[in-house]
Amino acid sequence: MKRFIGAAVLALLAAAPAAFAQDARAMLAELDRQGDFAGKDFAALYTIVSQKPGEKDSVTQVRMFRRDDREQFTMLVMLPEVNKGQGYLREDDNVWFYDPTSRKFSFSSIKENIQNSEAKNSDLTKRSILDDYEVAGTTEGFVGKIAVWVIDLRARTKDVSYERIVLHVRKDRTMLLKQEDYSVSGRLMRTTLYPKYVELEGRLMPSQMLIVDELNPGERSQMTMTEQSLAPLPDKVFTKAFLEQVNK
Amino acid sequence: MNTLANIALRNLTRQKKRTVLLGSAIAFGVMIVTLINGFAGAFSANVAENFSDLMAGHVFVSGSEKGEGDKTLSVIRDDSALTAAVEASGAPVRYVTRRSSFAGTLIFEGKKLQTNVDGADLSQETFLRDRLLLKEGSWDSMSDENALILSEKIASRLNVDVGDLILVQLETVTGQANVGEFRLAGVSYDAGIFGQMMSYANLGYVNSLIGLAPDEYQTMGIMLDGLKHTDAAAEAIYGRLYGGVQLFERGVKDEDGAVTPFQALMRQQKKESWEGVKYRLFTINEVLSQIEQIVAALDTTAGVILVVLFVIIMVGITNTFSMVIFERIGEIGTMRALGVHRGGVRSMFLYEALFLALGGAVAGIALALVAMGVISLFDFGMDSPAFIIMRNGHLSFFLPPLRAAANVLIIALLTLVAVASPAGKAAKLTPAEALRTQK
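Chains as they are written, first to last, in the working numbering: chain A, 1 to 248; chain B, 1 to 439.
Be careful, since some hints might not be right.
[What the hints assert, rightly or not] Here are the simulated lysine-lysine pairs, BS3-like style, with alpha carbons at most 27 Å apart:
hint: 1; chain 1: A; residue 1: LYS56; chain 2: B; residue 2: LYS112
hint: 2; chain 1: B; residue 1: LYS112; chain 2: A; residue 2: LYS52
hint: 3; chain 1: A; residue 1: LYS52; chain 2: B; residue 2: LYS71
hint: 4; chain 1: A; residue 1: LYS120; chain 2: B; residue 2: LYS71
hint: 5; chain 1: A; residue 1: LYS126; chain 2: A; residue 2: LYS56
Simulated from the structure, these hints should not be mistaken for lab results.
My request is simple: use the sequences and hints to build the entire structure.
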């Protein structure tokens with residue numbers, strides 16, 4: 001009998017992490033689903049206010065067009081005025097940057113920061129957490145007074161910017177409240193808070209993000225999403241010609 | 001002919017003061033132009049030689065490895081084939097270096113700065129200590145794993161002192177974000193615009209930051225016995241590597257031809273596809289080919305100065321010879337009366353001008369050589385901001401003989417042009433007209 005109980009306890013202990021991982025994977029799958037607009041086009045206007053010590057706040061505004069089915073996006077810089085007309089276009093695995101002054105396209109990356117802010121191109125695009133990361137551990141915690149699952153993730157691929165991310169997901173509803181991004185050496189580089197969400201055809205999209213640069217104290221960017229739409233977009237929006245035309 | 005030349009020489013010595021003044025004007029112009037030419041002549045060689053020391057090589061080999069998702073990684077994991085090729089090439093190799101590097105952001109107490117950091121095996125690269133003098137700190141502190149040497153300008157802009165901890169934000173070779181921590185071990189004397197290139201750390205630590213193993217690296221540098229061996233050695237090593245390993249073609253030019261050979265090589269890499277590791281061989285001359293444009297600009301400037309100075313001097317020479325002809329009008333009449341032809345009179349004045357130009361030019365070149373010798377004696381030290389264009393802290397000059405000869409030729413021609421008009425007028429005088437002209 002004792003042997004049987006012992007074996008049962010061991011089996012439960014062995015199964016517990018697997019079960020946690022299973023739950024965490026389900027949460028990650030739900031987070032991926034919330035940010036995936038497959039079958040539809042997505043457009044929104046993002047306003048990014050960046051604060052840097054000793055500098056005036058800078059405002060960047062970009063209009064984002066996404067077609068997640070084909071992993072395409074076009075991003076058009078609206079503000080600051082001096083950079084108006086600059087744009088990013090993702091075609092297959094390539095990200096192009098368009099400069100209307102030189103009228104030339106150059107190679108860019110989804111890992112690049114948007115203008116001079118703390119936000120990266122990848123913050124505005126479709127995420128595939130399950131494809132990019134594997135669960136290293138799950139614990140419980142709080143963000144403010146809200147109970148959360150703290151999911152520790154390690155990169156499966158070198159395509160992502162951060163080797164390790166830690167997600168704080170609400171327990172009562174699958175909603176990402178906080179994300180910590182770590183360097184390869186294990187140092188916290190960036191914390192992103194998601195205080196506001198909007199519901200868009202059954203999906204939750206963060207309408208406000210606060211990105212804190214942990215390496216440069218005092219540097220932070222607040223990103224607000226408005227004018228979101230799931231209306232169909234013309235195919236030409238996802239072409240180089242579109243970026244050239246909007247500048248004519 | 002000889003008689004006319006002798007008369008011309010005698011005429012020059014008759015008016016010593018005037019001849020010396022005119023000759024001095026020519027000599028001064030030639031001296032300035034020769035000094036600029038001499039500086040330009042040594043400029044590219046000095047810059048290339050100093051860069052060779054800082055980059056630790058005259059010939060370089062770097063590896064481009066195709067990784068996951070067709071991404072290109074800059075890494076050399078196994079250099080046995082490279083080492084064998086260098087040994088078999090017969091190139092006069094002084095030593096071989098292995099380096100990794102990254103471009104990152106240094107962060108210290110709210111200040112940030114983009115810079116390149118070279119990871120070097122400082123136990124092997126002992127010559128770097130001789131080349132890069134420290135203003136503060138010590139090379140011995142580089143024994144700390146995360147030690148860093150910065151140039152004076154970068155240290156000042158970050159407001160860091162020796163011993164301070166500096167954060168560095170960078171990307172690994174696979175493009176992932178990473179953060180490291182350096183301790184400032186030393187501050188080198190400022191090297192002007194090249195200060196950005198002079199941050200050094202230990203190879204092992206740089207490798208750990210960019211995601212390479214301790215025995216891996218990115219660029220092999222081959223230091224030769226001198227810059228002059230660079231192209232031949234590069235050809236020999238390339239020849240030995242060819243067929244044994246995958247190699248990027250050398251000496252390619254971009255379609256528009258508007259890029260340096262090194263940039264063309266880099267563009268070629270983006271266009272090609274391959275599997276495994278492909279090596280790129282390049283030389284310090286290719287990296288610094290834009291230096292040639294600076295040399296060309298210096299030579300053009302010297303040419304413009306030469307022309308401007310001589311246009312001014314030509315006006316003086318024309319006026320002087322007009323006066324000389326007026327003074328000697330009686331003499332011209334006598335010579336013509338004694339049977340000297342018009343051409344003889346013209347030639348006599350042209351000979352005078354030619355001797356004056358040659359004398360002035362030779363004196364100018366001699367003066368320039370003396371000035372070069374004297375200037376090159378001054379030791380500005382390796383801590384000079386301009387050390388990159390000097391040779392061991394001394395300004396050095398190299399005057400290409402053909403350029404000097406060309407300068408002399410140009411001056412002789414310009415002087416002949418300046419004198420052609422007064423000499424022509426003298427030749428047109430009839431003996432009677434010349435003899436009856438009252439001065």
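Consistency of the hints with the structure:
no., hint, verdict
1, A:LYS56 to B:LYS112, "holds, 17 Å"
2, B:LYS112 to A:LYS52, "holds, 12 Å"
3, A:LYS52 to B:LYS71, "violated, 34 Å"
4, A:LYS120 to B:LYS71, "holds, 20 Å"
5, A:LYS126 to A:LYS56, "violated, 31 Å"
When the structure is compared with the earlier hints, violations turn up for hints 3, 5 and for no others.
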